[in-house]
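Novice: Here is how the chains run, residue by residue.
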Amino acid sequence: GEDVEQSLFLSVREGDSSVINCTYTDSSSTYLYWYKQEPGAGLQLLTYIFSNMDMKQDQRLTVLLNKKDKHLSLRIADTQTGDSAIYFCAERGGGYNKLIFGAGTRLAVHP
Amino acid sequence: ETGVTQTPRHLVMGMTNKKSLKCEQHLGHNAMYWYKQSAKKPLELMFVYSLEERVENNSVPSRFSPECPNSSHLFLHLHTLQPEDSALYLCASSQGAGGNEQFFGPGTRLTVL
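Going down the list, the protein sequences come from chains A and B. The numbering of the first sequence is the numbering used here, which starts it at 1 and goes up by one. The numbering of the second sequence is the numbering used here, which starts it at 1001 and goes up by one.
With the rest of the complex left out, here is chain A:
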C-alpha cells in the first residue's frame, strides 16, 4: 500500500542546518514534494523532485532522493526562526492526481 512516514519533531539552533527525513513505499512515484505549513495557514509548496533525479538545490533548500531506499530528505541551510513550521513530505501515488502526505515534521528553531 501507499504510505509516507516522517519523524514528528525536530529542534535545531538558529544558523545550523536542519535535515528532515521521509520514507515512502510506492516505488512508482513520479514526483515527491515538500510542503511547509505555518501556524494558522494552509500548505505552501516548497520544492519538488522528479523521481529520475537524486538531488535538487534551490537556494537554502537541498532535496536528496535515494530511490533504492525510498528515502527523501530536505536540508535547510542556515536555519532561521522563520523556518519554524510543519514540513510535509508527499508522494504522487496511485489514483487520479492523488498526493499521499506524511504526518508532518514540526521544526522548532531556537536561538
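Incorrect hints may appear among the rest.
Straight-line distance between alpha carbons at most 20 angstroms, and here's what the computed PhoX-like set of lysine-lysine pairs gives [stated by the list, open to error]:
id: 1; chain 1: A; residue 1: Lys56; chain 2: A; residue 2: Lys36
id: 2; chain 1: A; residue 1: Lys98; chain 2: A; residue 2: Lys36
id: 3; chain 1: A; residue 1: Lys68; chain 2: A; residue 2: Lys56
id: 4; chain 1: A; residue 1: Lys56; chain 2: A; residue 2: Lys70
id: 5; chain 1: B; residue 1: Lys1041; chain 2: A; residue 2: Lys98
id: 6; chain 1: A; residue 1: Lys56; chain 2: A; residue 2: Lys67
id: 7; chain 1: A; residue 1: Lys36; chain 2: B; residue 2: Lys1018
id: 8; chain 1: A; residue 1: Lys36; chain 2: B; residue 2: Lys1041
id: 9; chain 1: A; residue 1: Lys70; chain 2: A; residue 2: Lys98
In case anyone wonders, no lab produced these hints; they're calculated from the structure. Fair warning: this is a prediction, and the values are worked out from it, not measured in the lab.
Following the hints, complete the assembly by docking chain B onto the known chain A.
Specialist: Okay, now just chain B, sitting in the frame of chain A:
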C-alpha cells in the same frame, strides 16, 4: 498570497446544523480538491474535481457533500456532523491532471459541538 481563498476561516456548528464551506481559486486552474487535516491523521484527501466533474471520492461519509459549480469554485456542504469531524478543512487547486503543484488555501477550522 496563494490565490486560493476559503471562507469562513473558523466555523462552530452543532450536530444538527447545516453549513457550507466555500473555496475559490483565482489561478485559472481546472482541478480542485478537499482535504481534511486533524491531529490524529495526516492530510486526508476527500474529493477531487477535474473540469467540474468529481473524479475521486475517497470513501467520505455522505454527511459531506461537495459541489463544484464551475472551475473556480468548490463547496463542501455539511449536515449532521459528528464531533470527530472537527478538523481543518483545506481546499487546493492545480492545473490539470498530473499537475506538479497543488496550491492550498488557508483552511477552515471546523468545530462540531
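Novice: Compare the structure with the hints numbered earlier in the document and write down the numbers of the violated ones, lowest to highest.
Specialist: Number 7 - this is the single hint that the structure violates.
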